[in-house]
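Given next are the chains, with one letter for each unit.
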Amino acid sequence: MKDLSLKKRVFKERLFRGGVFFLASLVVVPLALLLGYIVKKGIGVINWDFLFSMPAGVGESGGGIVHSLAGTVMLIVIAVILSVPVAVATALFINDHPKNRISRMIRFTVDMLQGIPSIIMGIVVYLWVVLPMKNFSSLAGGVALGIMMLPIVIKSTEETLKMVPESLKEASMALGAPYYKTVLHVILPAGLSGILTGVLLGVSRIAGETAPLLFTAFGNPFLNTDIFKPVDALPLLIYNYSTSPYPEWHSLAWGASFILVAFVLILNLITRLVVKKWQIKY
Amino acid sequence: MTMNKAGHTRGAGQGSAALLSSHQMKEKGFSSFLLMAGVSVLLVLGAFFVTLVLQSWPLFRETGLGFFTTLRWAPMENEYSVLPFLAGTLMTSLLSILIAFPFSMALSILLGEYLKTGPFAAAFKSVTELLAGIPSVIYGFWGIMILMPLIQSLQMKLGMIPYGVGVLTASLILSLMIIPYAASLGRDVISMVPGELKEAAYAMGATRSEVVFHVILPYARSGITAGFFLALGRAVGETMAVTMLIGNSNFIPRGIFSPANTMASVIANEFGEADGLHTTALIAVGLVLMILTGLINSAGKSIMKRFQVGG
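In order, the protein sequence lines correspond to chains A and B. The first sequence begins at 1 in this note's numbering and counts up by one. The second sequence begins at 1 in this note's numbering and counts up by one.
One thing to keep in mind: the hints can contain errors.
[Said to hold, decoys possible] When the alpha-carbon atoms are kept at most 35 Å apart in a straight line, the in silico DSBU-like pairs for lysine-lysine are as follows: (1) B:K125 x A:K162; (2) A:K276 x A:K99; (3) B:K125 x A:K7; (4) A:K7 x B:K116; (5) A:K277 x B:K305; (6) A:K40 x B:K125; (7) B:K26 x A:K99; (8) B:K26 x A:K155; (9) B:K125 x A:K8; (10) B:K116 x A:K8; (11) A:K162 x B:K28; (12) A:K276 x B:K198; (13) B:K157 x A:K41; (14) B:K28 x A:K169; (15) B:K305 x A:K169; (16) A:K276 x B:K305; (17) B:K198 x A:K12; (18) A:K7 x B:K198; (19) B:K305 x A:K155; (20) A:K99 x A:K277; (21) B:K305 x A:K99; (22) A:K40 x B:K116; (23) B:K305 x A:K162; (24) A:K277 x B:K125; (25) B:K301 x A:K162; (26) B:K301 x A:K169; (27) B:K157 x A:K40; (28) B:K28 x A:K155; (29) A:K169 x A:K276; (30) A:K276 x B:K116; (31) A:K181 x B:K26; (32) A:K162 x B:K198; (33) A:K277 x A:K162; (34) B:K198 x A:K8; (35) B:K28 x A:K99; (36) B:K301 x A:K155; (37) A:K155 x B:K125; (38) A:K169 x B:K26; (39) B:K198 x B:K116; (40) A:K277 x A:K169.
Calculated from the structure, these hints are not laboratory results.
Whole structure, please, built from the sequences with the hints as guidance.
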């Protein structure tokens, strides 16, 4: 009797373990399919022409995506310039006054900002920037992406600043350095890797965002370097091409998807290397 | 605090007064710069909310509460209602949570208890991170190319109109997108279960699955619930993949195969071509969406906080 129930229990355990492994492995299947499909369809499209020439006319084969590559780079640069200084300063403020009421409100706000659906970033920045300037622009797209980056950079910077030991700060203050010099010459350099990690994470998050750009950067079939004019971006191009009826455009969209996924994955890899190499150890 | 320090040095040496005051200026300037940055982050969120309320106000003035009580969205006839999209949003996101549940639970139990270290654990972790890193629009594109034909052939076998797009198609892709998120939250929660509790159960001769069901899950229940709330918040706000796969129909969905629209997807679809009251109504949909995700996320966060304090 006892023996039987033990057998039953062991059997149950095996069954459960098998089930857990099976379900977890099933998740790998769609990923393998997805990545395999992107590589299979995408890699054949990529060549010099694809990367460095302008799109061909509707229905014509060939043509490139240089305009949206340039646009994506431009949008990311604008977003980083707008968001990183504010984010780092905000994290410094929270770190200096951890129990302060404003700090607590900021922490709550950061959590809420992170939860705002990306499409809402799009319509609000449309109302704030596009309507008054009467023009879709890469500036507007950069503002939307910058706001999306803010919470990520604030959080990772705050985490890093927490790890900078108090003794470093005290040593600097004891030498008579004013607080701002302590921050600029001691605290920030010590936390640089964490801040960099946050920026890279933020960039990899926003690089693939489409929804905030629909009504801000808008898309543009021509190469544009003016921040007050609409600009194309890789995710926008993928969206427009993949929902079009032309097979030529579908294959261009696969090529663009390959580039975008590779870019995001490489950024993630670099982030991990940065974390590993320059972790704060004192 | 720092300003106090600066204040104390004011009365110190008179000879270096000029130097000190320039330092004080910089010190004060720096502190107020930090404060301004922090406050600007607060203002951004506040301004988001105020903008949405002010811009959708004309709709409520014109149509009263009809936005929340009627069932028809017909921009040509100036009839607006959020209900079809609220229904579409709730259906797709709840269905996707339902589909994602067994997989993300399996992943979090596997990574939190069975395989904590080793090459397999690293492999599963990288897979989930990879899934999380792929942009939404690519999920949508893949869904159009691969998933849509599959659903179409399923619908033909079932004798239905083979739309291929609809609530189910969108939910399937959505569940793939939220599994990594829910699984990583679940793993964190499960690995926070105190070792003593598990060891006590093992010492009594419990098998691993018994420890999971009788110790780990009861202990981690609230944390896991919180994780699914946060995942739900993501699913509700997800835009691109859903827009590409849900079929964009402005009626309350009749079943899981019928085309529909979520709040996010109707904005993505119609905002570009809208004007006048139509734009206002779409902004009001955005306001409802923001409030809904805000509520779900803060519920998730507060449950998580209680779990972490209690645990």
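A quick look at each hint next to the structure:
1. B:K125 x A:K162: 26 Å, holds
2. A:K276 x A:K99: Between A:K276 and A:K99 the Cα gap is close to 31 Å, so the pair holds against 35 Å.
3. B:K125 x A:K7: The given pair, whose Cα atoms are some 33 Å apart, holds under the 35 Å limit.
4. A:K7 x B:K116: Since the Cα atoms of A:K7 and B:K116 sit roughly 27 Å apart, the hinted pair holds (cutoff 35 Å).
5. A:K277 x B:K305: This hinted pair holds, its Cα atoms lying about 32 Å apart.
6. A:K40 x B:K125: 24 Å, holds
7. B:K26 x A:K99: Since the Cα atoms of B:K26 and A:K99 sit roughly 25 Å apart, the hinted pair holds (cutoff 35 Å).
8. B:K26 x A:K155: 27 Å, holds
9. B:K125 x A:K8: Holds, because 32 Å separates the two Cα atoms, which is no more than 35 Å.
10. B:K116 x A:K8: 26 Å, holds
11. A:K162 x B:K28: 23 Å, holds
12. A:K276 x B:K198: 32 Å, holds
13. B:K157 x A:K41: Holds, at roughly 29 Å.
14. B:K28 x A:K169: 18 Å, holds
15. B:K305 x A:K169: Answer holds: B:K305 to A:K169 is near 30 Å, not above 35 Å.
16. A:K276 x B:K305: Answer holds: A:K276 to B:K305 is near 29 Å, not above 35 Å.
17. B:K198 x A:K12: 18 Å, holds
18. A:K7 x B:K198: 22 Å, holds
19. B:K305 x A:K155: This hinted pair holds, its Cα atoms lying about 17 Å apart.
20. A:K99 x A:K277: 32 Å, holds
21. B:K305 x A:K99: 17 Å, holds
22. A:K40 x B:K116: 33 Å, holds
23. B:K305 x A:K162: 19 Å, holds
24. A:K277 x B:K125: Given pair A:K277, B:K125 holds - Cα atoms ~20 Å apart, limit 35 Å.
25. B:K301 x A:K162: Holds, at roughly 21 Å.
26. B:K301 x A:K169: 32 Å, holds
27. B:K157 x A:K40: With a Cα-Cα distance of about 30 Å, the restraint between B:K157 and A:K40 holds, given a limit of 35 Å.
28. B:K28 x A:K155: 25 Å, holds
29. A:K169 x A:K276: 24 Å, holds
30. A:K276 x B:K116: Status holds; Cα separation ~19 Å.
31. A:K181 x B:K26: Distance ~10 Å between A:K181 and B:K26 Cα, so the pair holds.
32. A:K162 x B:K198: Holds, because 32 Å separates the two Cα atoms, which is no more than 35 Å.
33. A:K277 x A:K162: 19 Å, holds
34. B:K198 x A:K8: 21 Å, holds
35. B:K28 x A:K99: 20 Å, holds
36. B:K301 x A:K155: Roughly 15 Å between the alpha carbons, so the hint for B:K301 and A:K155 holds.
37. A:K155 x B:K125: 22 Å, holds
38. A:K169 x B:K26: The given pair, whose Cα atoms are some 18 Å apart, holds under the 35 Å limit.
39. B:K198 x B:K116: 15 Å, holds
40. A:K277 x A:K169: 23 Å, holds
This entry satisfies every hint, going by the numbered hints stated previously.
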